[in-house]
Amino acid sequence: MKKIIATLILLVFTFYVYNTIKGFKFGHDFIGAKTQNKTISKKIEPAGKHYLENNKLENNSANVITSIVVSYRGFDTLGEVTVLFLAATGLGVILTIVRKEDDDEESSEREPSLIVKTAARILFPLIFLFGVYVFIHGHLTPGGGFQGGTIIATAYLMMFLSYSNFKINHTIFKSIESLSGLTFITIGLVGLLGFGMFLKLDLIPMGVFNSLFSAGLIPVVYIIVGFKVGSELTAVVDSYRENW
Amino acid sequence: MVLMLLQIFLIALMLIAAIFTVVYKDLMNSVIVSGFISLVASLLFYFLQAPDVALTEAAIGTGLTTYIFVLTIRKTERMEK
Numbered sequence: 012m013k014k015i016i017a018t019l020i021l022l023v024f025t026f027y028v029y030n031t032i033k034g035f036k037f038g039h040d041f042i043g044a045k046t047q048n049k050t051i052s053k054k055i056e057p058a059g060k061h062y063l064e065n066n067k068l069e070n071n072s073a074n075v076i077t078s079i080v081v082s083y084r085g086f087d088t089l090g091e092v093t094v095l096f097l098a099a100t101g102l103g104v105i106l107t108i109v110r111k112e113d114d115d116e117e118s119s120e121r122e123p124s125l126i127v128k129t130a131a132r133i134l135f136p137l138i139f140l141f142g143v144y145v146f147i148h149g150h151l152t153p154g155g156g157f158q159g160g161t162i163i164a165t166a167y168l169m170m171f172l173s174y175s176n177f178k179i180n181h182t183i184f185k186s187i188e189s190l191s192g193l194t195f196i197t198i199g200l201v202g203l204l205g206f207g208m209f210l211k212l213d214l215i216p217m218g219v220f221n222s223l224f225s226a227g228l229i230p231v232v233y234i235i236v237g238f239k240v241g242s243e244l245t246a247v248v249d250s251y252r253e254n255w
Numbered sequence: 061m062v063l064m065l066l067q068i069f070l071i072a073l074m075l076i077a078a079i080f081t082v083v084y085k086d087l088m089n090s091v092i093v094s095g096f097i098s099l100v101a102s103l104l105f106y107f108l109q110a111p112d113v114a115l116t117e118a119a120i121g122t123g124l125t126t127y128i129f130v131l132t133i134r135k136t137e138r139m140e141k
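Those sequence lines, one after another, are chains A and B. Per our numbering, residue 12 is the first one in the first sequence, and the count goes up by one each step. Per our numbering, residue 61 is the first one in the second sequence, and the count goes up by one each step.
Calculated directly from the structure, the hints in this document are not laboratory data. Please note: incorrect hints may appear among the correct ones.
What the hints assert, rightly or not - Some residues of chain A that are not near chain B, with every Cβ distance over 10 Å (derived):
| no. | residue |
| --- | --- |
| 1 | Gly101 |
| 2 | Ile105 |
| 3 | Ala131 |
| 4 | Gly202 |
| 5 | Leu214 |
| 6 | Ser222 |
| 7 | Arg252 |
Stated by the list, open to error - Computed footprint of chain B on chain A; a stretch qualifies when at least three of its residues, placed anywhere within it, have a C-beta under 8 Å from a C-beta of chain B:
| no. | region |
| --- | --- |
| 8 | 14-20 |
| 9 | 147-159 |
| 10 | 165-177 |
To be verified - Footprint (simulated), chain A over chain B, 3 or more residues, beta carbon under 8 Å:
| no. | region |
| --- | --- |
| 11 | 74-80 |
| 12 | 118-132 |
Just so you know, even glycine gets a beta-carbon here, dropped at the ideal spot from N, CA and C.
Please put together the full structure from these sequences, using the hints given.
In structure tokens:
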């Protein structure tokens, strides 16, 4: 009975969502189209247009999304990183308090097969390398610090699944996380105190457009964010696995 | 046209998977199916020209969230009453 009601609610919900969006083509930017018809936006230039037109001049980054996230809204990124940091810290505190005492449940676990173990061992460096690639090339190709960091955390997750005795050094991971967070804030504050804007990008040479060493501090910040997110999520998953 | 049909198929697949998530008595099945929803969602994000969202969705939705749910189910009860 409960299942039927739940399914019915889901169907009703689907019906209303469908009715709301059926007039729009899939993937079509209808919010932008709506606002452009109004009289207000004729006077005010949309922010997106400014980003697209001036990105190359201001940031020298081939990926506009990255320059929005790191440069135009760099302060928001700091907030995002802080939220993740607080979530990881809170989880760590809670899980340390309710630490499990008995270890007899471990014996009932089934050991993964040899195929899984070997494949995980071969794939681990490749996935790790892909994560590093994604956050180093954040200003050139899709992706960036958050994406690369989560990919690295997935690589560690695969090792946790394949080897039940696989351990990571929590001190090192916490240090990497804290140091990268500190470096991010320091870079931001240098711009704020010295030049009057948070995260001033041209503290280092801006480089040639569309090459690896371009876009000023964007790759540096994204590498820091990648390290931070990767170590943070890995530590979260590991503390969840170990302590609870 | 083919792309649009593929998108409709994927959305229908997501819908069916969502219904199965609710219907399954075994919560482990529900978690795996909800991970599958994330996988299809990441494909759809790719079709919507948002590859960076697709990367995040695939890594977090399919990988980390599923693992955390599986661990939680192992520590609590597996069957829904």
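Requested in this report: Would you check whether the claim that Ile105 (chain A) is not at the interface survives, using Cβ distances to chain B and the 10 Å cut-off?
Outcome: Answer for Ile105 (chain A): holds, closest chain B Cβ roughly 14 Å.
Query raised in the report: Has the region 147-159 of chain A got at least three residues whose CB is nearer than 8 Å to a CB belonging to chain B?
Result: holds (count 5)
Query raised in the report: Regarding the assertion that Arg252 (chain A) does not contact chain B, is the least Cβ-Cβ distance greater than 10 Å?
Result: At about 6 Å from chain B, Arg252 (chain A) fails to clear the 10 Å cut-off, so the statement is violated.
Query raised in the report: Quick check: the region 118-132 of chain B, covered by chain A? Criterion 3+ residues, Cβ under 8 Å.
Result: holds (count 7)
Requested in this report: Examine the region 14-20 of chain A for residues whose CB is less than 8 Å from any CB of chain B, and state whether their number is three or more.
Outcome: With 3 residues close enough to chain B, the hint holds.
Report task. Report holds if the minimum CB distance from Ala131 (chain A) to chain B is greater than 10 Å, and violated otherwise. Result -> holds, 13 Å
Query raised in the report: Is the nearest CB of chain B more than 10 Å from the CB of Leu214 (chain A)?
Result: Holds: least Cβ distance 25 Å, greater than 10 Å.
Query raised in the report: Taking the minimum C-beta separation from Gly202 (chain A) to chain B, is that value above 10 Å?
Result: holds, 25 Å
Requested in this report: Test coverage of the region 74-80 of chain B by chain A using CB-CB distances below 8 Å; three residues minimum.
Outcome: Since 3 is at least three, the answer is holds.
**Report entry** Proximity test - 8 Å, beta-carbon atoms, the region 165-177 of chain A to chain B, at least three hits
**Finding:** holds (count 4)
Query raised in the report: Non-interface claim for Ser222 (chain A): all C-beta distances to chain B beyond 10 Å?
Result: holds, 20 Å
Query - Status of the stated non-contact between Gly101 (chain A) and chain B (beta carbon gap over 10 Å) - result: holds, 15 Å
In summary, the one numbered hint that this structure violates is 7.
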